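Could you build the full structure based on these sequences and the hints that come with them?
As they're listed, the protein sequences go chains A, B, C and D.
Under this note's numbering, think of the first position of the first sequence as 78, with each following residue one higher.
Under this note's numbering, think of the first position of the second sequence as 78, with each following residue one higher.
Under this note's numbering, think of the first position of the third sequence as 78, with each following residue one higher.
Under this note's numbering, think of the first position of the fourth sequence as 78, with each following residue one higher.
Calculated from the structure, these hints are not laboratory results.
Being a predicted model, the structure only gives us computed values, none of them experimental.
Among the hints, a few may not be true.
Given that identical chains are not distinguished, each listed pair holds provided it fits within a single copy or across any two copies.
[As the list claims (entries may be wrong)] Computed cross-link-like contacts, DSS-like style, restricted to lysine-lysine with a CA-CA straight-line distance of at most 30 angstroms:
1. 252 with 239
2. 356 with 379
3. 252 with 379
4. 483 with 356
5. 455 with 379
6. 422 with 239
7. 483 with 252
8. 422 with 379
9. 356 with 239
10. 422 with 252
11. 356 with 455
12. 422 with 336
There are 4 protein chains.
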Amino acid sequence: MLTRLWRGLARHGRTLNERRGQQWLAQAAETLRSELGESSGVSLARRITERYAALPPEGRLDFLQMLATRFSTDTARLDAAIRHYAEHPGPAAAQLLHEAAESRRQEVLRRLNFAPSGTAALLRMREDVLELLPQHPELGEVDADFEHLFRSWFNRGFLQLKRIDWHTPAVVLEKIIRYEAVHEISGWSDLRRRLDPPDRKCFAFFHPTLADDPLIFVEVALTEDIPDAIGPLLADGRPPIDVRAARTAVFYSISNCQKALRGVSFGNFLIKQVAEELKRDFPQLRNFVTLSPVPGFMSWLKRAHPEAPELQALAQPGWQADAAAAERLRPRLQALLASYLFDAKTDIGRPADPVARFHLGNGACIEHVRWLGDVSEKGLRNAAGFMVNYLYDLDNIEANHEAHFKHGTIFASRQVRALREPAQRAD
Amino acid sequence: MLTRLWRGLARHGRTLNERRGQQWLAQAAETLRSELGESSGVSLARRITERYAALPPEGRLDFLQMLATRFSTDTARLDAAIRHYAEHPGPAAAQLLHEAAESRRQEVLRRLNFAPSGTAALLRMREDVLELLPQHPELGEVDADFEHLFRSWFNRGFLQLKRIDWHTPAVVLEKIIRYEAVHEISGWSDLRRRLDPPDRKCFAFFHPTLADDPLIFVEVALTEDIPDAIGPLLADGRPPIDVRAARTAVFYSISNCQKALRGVSFGNFLIKQVAEELKRDFPQLRNFVTLSPVPGFMSWLKRAHPEAPELQALAQPGWQADAAAAERLRPRLQALLASYLFDAKTDIGRPADPVARFHLGNGACIEHVRWLGDVSEKGLRNAAGFMVNYLYDLDNIEANHEAHFKHGTIFASRQVRALREPAQRAD
Amino acid sequence: MLTRLWRGLARHGRTLNERRGQQWLAQAAETLRSELGESSGVSLARRITERYAALPPEGRLDFLQMLATRFSTDTARLDAAIRHYAEHPGPAAAQLLHEAAESRRQEVLRRLNFAPSGTAALLRMREDVLELLPQHPELGEVDADFEHLFRSWFNRGFLQLKRIDWHTPAVVLEKIIRYEAVHEISGWSDLRRRLDPPDRKCFAFFHPTLADDPLIFVEVALTEDIPDAIGPLLADGRPPIDVRAARTAVFYSISNCQKALRGVSFGNFLIKQVAEELKRDFPQLRNFVTLSPVPGFMSWLKRAHPEAPELQALAQPGWQADAAAAERLRPRLQALLASYLFDAKTDIGRPADPVARFHLGNGACIEHVRWLGDVSEKGLRNAAGFMVNYLYDLDNIEANHEAHFKHGTIFASRQVRALREPAQRAD
Amino acid sequence: MLTRLWRGLARHGRTLNERRGQQWLAQAAETLRSELGESSGVSLARRITERYAALPPEGRLDFLQMLATRFSTDTARLDAAIRHYAEHPGPAAAQLLHEAAESRRQEVLRRLNFAPSGTAALLRMREDVLELLPQHPELGEVDADFEHLFRSWFNRGFLQLKRIDWHTPAVVLEKIIRYEAVHEISGWSDLRRRLDPPDRKCFAFFHPTLADDPLIFVEVALTEDIPDAIGPLLADGRPPIDVRAARTAVFYSISNCQKALRGVSFGNFLIKQVAEELKRDFPQLRNFVTLSPVPGFMSWLKRAHPEAPELQALAQPGWQADAAAAERLRPRLQALLASYLFDAKTDIGRPADPVARFHLGNGACIEHVRWLGDVSEKGLRNAAGFMVNYLYDLDNIEANHEAHFKHGTIFASRQVRALREPAQRAD
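Here's what the structure looks like:
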């Protein structure tokens with residue numbers, strides 16, 4: 078009957094009213110979920126994903142709401158499983174309960190993946206969900222199902238690390254331009270400056286079914302010393318260094334590419350594997366560091382120290398150009414920054430700054446804070462121009478990581494720790 | 078502490094007693110599951126899978142039993158989730174319940190996949206489970222967790238169809254020789270006869286992380302007419318036909334390669350996609366059929382008709398060589414075969430013959446039964462020499478499939494249906 | 078001794094005077110040519126090509142002059158071979174004579190190719206020769222040796238046709254931008270408009286040792302009808318057509334990429350193979366045409382008809398904007414164009430227009446002349462805005478080609494031939 | 078007219094008499110050579126090569142004789158060029174003479190290469206020439222033209238080194254089995270023993286247009302010490318060594334694959350590049366040696382020392398099994414072997430033994446002679462069981478090579494040189 082309905086749709090095309098289209102989609106999703114879906118799944122999944130992609134926004138919302146309402150957990154089955162577990166507690170009954178509690182949507186989503194480019198279609202679908210979610214909290218479970226599925230499918234064991242360079246296809250490179258989230262890439266010439274010189278590297282994780290679409294990438298500069306500012310690193314006309322003289326690999330930008338993979342994190346894996354690759358290719362490297370922004374510093378400062386006199390100075394446009402005045406601001410701001418990095422926490426006790434949280438959680442330590450490291454408009458606005466070098470000491474990151482999670486330890490160089498004390502006294 | 082323990086193990090190597098080794102494995106699995114595992118997971122997973130692979134059989138059993146006992150569902154958490162669901166029934170609470178009911182083992186297995194070649198290691202681990210299971214029913218939940226995971230990971234959307242031919246690497250070809258389950262391949266010359274001639278094709282599904290290891294493959298012969306016996310198809314010295322004259326694609330052998338993927342089925346997808354590929358490359362093809370064994374016929378016959386006089390005749394070695402005598406056996410045996418194919422059922426009402434179940438479930442129909450189609454020792458023993466052509470009519474398989482599952486319909490050609498009636502009358 | 082000399086050079090580096098460097102290069106080339114070169118050739122060729130690449134322009138000229146003077150034919154050997162041939166005329170002696178007459182430089186060049194990237198180095202070297210040649214006619218034989226060698230090495234049988242599209246590596250694409258010789262590509266967005274839409278194709282020939290460097294490429298538009306102007310074809314914002322409706326493949330730009338391959342022609346092979354590829358992928362295509370410039374028309378017109386009254390009108394900037402006036406110019410200019418295409422010849426009787434010479438020589442015919450087909454500044458200056466559609470009728474190109482070369486026939490549509498008569502009468 | 082003739086042939090097919098077929102081939106070759114051939118060359122070359130491949134042996138001989146007689150040098154043109162050179166001697170006239178002396182066949186062969194798989198077709202054609210040559214000396218110039226062309230086309234700069242291992246396509250591996258010329262490979266299991274263990278390597282040169290057909294390959298064993306016999310190296314069931322302990326790379330077999338490339342040598346390039354690859358991958362390697370046969374020893378011995386008493390002993394089958402008797406033979410045979418290696422020469426003064434000639438010419442030195450190193454039937458028959466380790470000392474091979482070619486020096490270890498003196502005295 079489904080086939081007949083579909084043929085009707087195909088014949089009448091766009092003249093059929095939207096309602097019959099939604100009716101078809103709901104039936105198709107039911108069929109896909111059923112025993113029939115195992116067999117005829119590929120063509121059915123293809124039709125559903127194609128039809129969904131062609132829907133206008135309202136139509137997509139209808140479809141997603143239908144997924145939310147018609148494909149939640151089978152409550153009768155769940156209740157029976159709870160009773161069974163109460164009577165026969167144990168692993169076997171728990172497993173049955175686990176199965177019974179799964180929303181029926183999961184199987185729909187798993188089988189939509191049968192379609193050609195099904196994984197890409199599901200990513201686009203979750204992007205819609207994420208965009209609709211603030212206005213449509215009823216899609217919360219749908220989103221949770223997507224996250225659950227993607228955590229399983231985008232398991233690190235399935236990701237492939239690839240170098241991104243000037244031999245990479247344009248279809249991938251234009252995504253690097255588009256997705257760069259930290260220091261904007263202004264076009265193909267800028268891109269080339271970041272990929273092609275011998276002292277610049279870029280690596281990305283790919284999923285095998287998404288050959289043209291990186292999941293996350295990191296840009297790396299090979300330098301002699303640990304850099305203290307981003308400007309010179311990205312300067313046009315910069316002469317490349319002889320890589321034999323390089324002692325430092327600087328991870329100066331990490332960007333996630335797929336909004337739809339919210340809740341599935343790869344950054345930690347990426348940095349570690351890239352560090353290992355670089356170590357193998359350039360055994361002369363001694364330091365693996367970042368040159369990172371401190372995105373939350375200024376908003377924390379305004380919130381936590383609204384009366385801080387420095388705020389007024391920082392509010393003057395161009396303050397950083399007056400070297401002497403800037404230098405007078407420095408000690409107190411460094412102390413405040415140290416206070417922010419060490420003591421500002423989230424509700425569950427993790428570092429408040431998202432970049433600090435990421436690198437410290439990976440087992441890195443705070444090696445340097447860099448006064449006027451980023452004097453771009455964004456750098457000044459978010460962090461009063463501060464940047465931070467987080468150090469990845471490959472021999473210690475696991476132990477650091479363990480101590481950080483068990484005891485909340487924040488590892489930092491002596492020099493950075495020294496910044497903190499006066500601030501604590503001052504406060 | 079884990080790291081210290083591991084270093085101890087590494088230092089003392091094989092002199093450490095097995096007990097401390099198992100202790101390390103249990104702790105390592107706990108760490109892997111914990112928040113720590115997200116970050117240091119790759120190296121930890123690598124160490125566990127390497128250590129597991131090096132264990133003797135008893136050590137592996139210990140490890141798997143440890144997985145069974147120490148990583149089942151957290152019952153306290155599950156009980157709380159059940160209470161919460163009772164108080165606030167609804168999708169959100171059901172989702173929490175689903176999560177709480179999941180065995181802790183699932184996360185261990187997912188993170189073991191972080192290891193290099195982790196997926197292959199997990200497949201080997203489930204092979205061990207399946208081998209131990211008959212004697213060790215306590216591993217039942219471990220096995221169920223593997224199946225659950227593999228159903229998600231080996232989703233058809235992630236599989237890649239590849240042609241297998243004489244340009245395929247030897248490392249894959251030797252697996253084709255090893256895994257062929259229907260008509261044994263006797264060596265490289267026999268293999269070449271099946272892959273290299275222009276009228277022979279072979280296709281396999283691969284998973285991206287298992288580049289050298291096919292999951293399932295199908296061997297195809299292009300012929301003019303629908304073949305009635307396997308012997309001539311595989312004959313040495315056979316001249317290939319001009320493929321422009323081919324009208325028929327014969328799927329004469331389908332073999333699963335990975336025991337560890339029990340419960341995850343691909344055959345249906347494979348046949349359909351291969352039929353589409355062939356249709357595109359050889360638009361002159363008219364028929365897509367199998368030449369299939371009937372593995373369960375003789376054992377059914379002995380069980381269902383122990384007094385059938387034919388059984389005596391068939392028990393005489395060489396009976397098939399006496400053409401006249403064989404011909405006298407034929408009508409009654411054909412009727413019995415039809416009875417078997419149409420009426421013998423499993424407990425849940427599916428066709429009893431596993432090959433018939435597979436093809437009829439895919440939406441194929443029984444086109445011909447072939448008397449003396451396989452006179453090999455195996456063919457005579459299992460099926461009195463019978464073979465069956467199942468026809469895949471691409472325009473009808475979906476509708477057939479639907480009717481077969483909804484109403485139990487068994488589609489067959491008029492000719493085959495005609496065989497059945499006298500049998501039913503006779504019975 | 079060579080090795081010692083080289084080590085000296087390496088030690089003293091750039092402080093050694095240029096003269097000792099040239100002395101080393103001359104000796105190295107001698108050694109490379111000798112029996113020794115067969116064996117130690119790879120490293121020696123590498124050193125010579127690296128050293129040459131590092132030389133300043135004067136140094137390169139010195140090296141090339143050295144090749145011209147020290148490595149010409151061995152006259153003693155040649156004289157002996159002539160005498161031998163006089164005494165024993167016949168194929169064997171002719172073959173010896175052929176060998177004896179070969180310049181010794183040929184073997185030097187062949188062995189320089191042993192170096193890693195040797196072929197690319199030799200291409201760069203001939204580029205230098207071609208640039209120096211006008212001022213340094215003494216390099217004439219060196220250039221002839223390069224051409225001889227490249228004609229052998231860049232034999233069509235060794236070239237690989239590749240599609241150029243948005244999946245092509247950036248390192249190749251930037252060369253497409255740089256080498257486009259007919260209708261300039263203004264940047265990456267313009268490039269994408271020419272490669273990525275489904276109704277646009279691009280193909281290039283590559284040599285296996287020059288993976289990142291196309292030799293020649295052609296840009297193709299799929300259209301419904303034969304286009305009469307280049308502007309709409311390249312317009313930004315143009316909606317792509319449904320390729321199923323395409324009936325025409327338009328070769329609207331062919332560019333050679335390697336100056337160093339002067340005298341080695343591929344264009345004819347490229348067009349024919351691309352036409353075959355397109356025919357296979359899009360069987361619905363009916364017409365294979367060009368939309369070509371007429372680069373020599375205006376200079377011929379000024380030379381052949383200096384008194385033509387149209388010349389004055391064409392000299393007014395913006396003349397083409399006055400539609401009525403332009404239309405009045407048209408008949409007489411079309412007649413002159415026809416006269417140019419049919420009757421203007423080179424010294425050896427080939428068509429004077431280089432583009433006409435190329436396509437007519439390939440067996441194409443003149444299908445349409447297009448008034449105001451190219452109103453760009455260049456199009457107006459070179460050809461009064463005229464363009465030409467040359468038609469490649471795959472069934473007739475061989476016969477046309479044969480007749481064109483044997484009898485000088487210029488094939489043209491009836492419509493184009495009709496333009497010609499009044500002109501001939503007028504003249 | 079050619080096209081008409083061809084269509085006639087195609088229509089009448091095999092019923093047309095052979096004479097008209099040969100007439101077509103001759104005309105087709107003329108056309109191919111002419112100006113017409115530049116343009117319609119691909120299809121014409123394809124037809125000629127296909128037709129040639131389908132000819133019976135006599136037809137092929139006819140075609141090759143036609144190439145010999147109808148396409149030799151244009152004598153009128155040559156005579157004119159000789160006169161011109163006499164009047165205006167100099168490089169320009171020499172170059173014209175060089176062109177005029179070239180046989181017209183060269184251009185035919187160059188254009189036959191335009192055909193799809195043209196290079197492979199030309200290799201097969203020269204194989205025919207080489208087979209016919211002993212009975213048909215009139216094909217001598219044809220053969221010389223092939224060699225001339227192949228020396229240009231198979232220039233080392235165009236060859237690609239590839240690893241051959243168990244991931245190599247079967248279509249290549251079966252050629253390794255077929256072409257192995259030194260120590261026969263008995264089948265796929267034997268092949269696997271030579272390619273797959275971690276201490277076994279194989280490398281081959283490929284030409285880009287012959288992807289499935291190696292030109293030459295070398296088999297390498299990684300060992301701790303320099304091996305003294307071939308048997309243990311190839312033994313079935315041999316445990317592989319830990320490659321970290323390997324100090325020696327043994328080139329134990331080098332085989333040319335293409336008879337048609339007689340006169341074009343790659344072995345020297347192959348050994349050196351493989352040594353560099355191995356050095357990079359296994360920096361622990363200290364020695365690069367061969368374990369080589371001495372194919373000419375016994376026939377030299379019989380010729381040079383027909384009365385040597387050892388000859389009688391060696392004529393007894395199984396002599397090598399009697400250890401004491403064999404040991405008595407050893408000193409004198411070693412001295413004779415040294416005499417053979419050092420003093421037996423070809424007409425032009427090169428070492429008489431072909432294997433010695435090859436390795437000494439490459440700059441290797443004789444490191445060890447191995448008594449009973451190869452006790453196979455072939456090893457005993459050709460070399461009384463002797464083998465030789467030639468040492469490639471990467472720092473010295475160029476200097477050795479130079480001295481060997483300039484002064485005839487034969488480099489050998491002190492130990493091997495010591496064997497020689499008594500022999501010289503004795504003689």
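- Going through the earlier hints one by one, which of them does the structure break, listed in rising order? The structure breaks hints 2, 3, 6, 7, 10 and 11; every other hint is satisfied.
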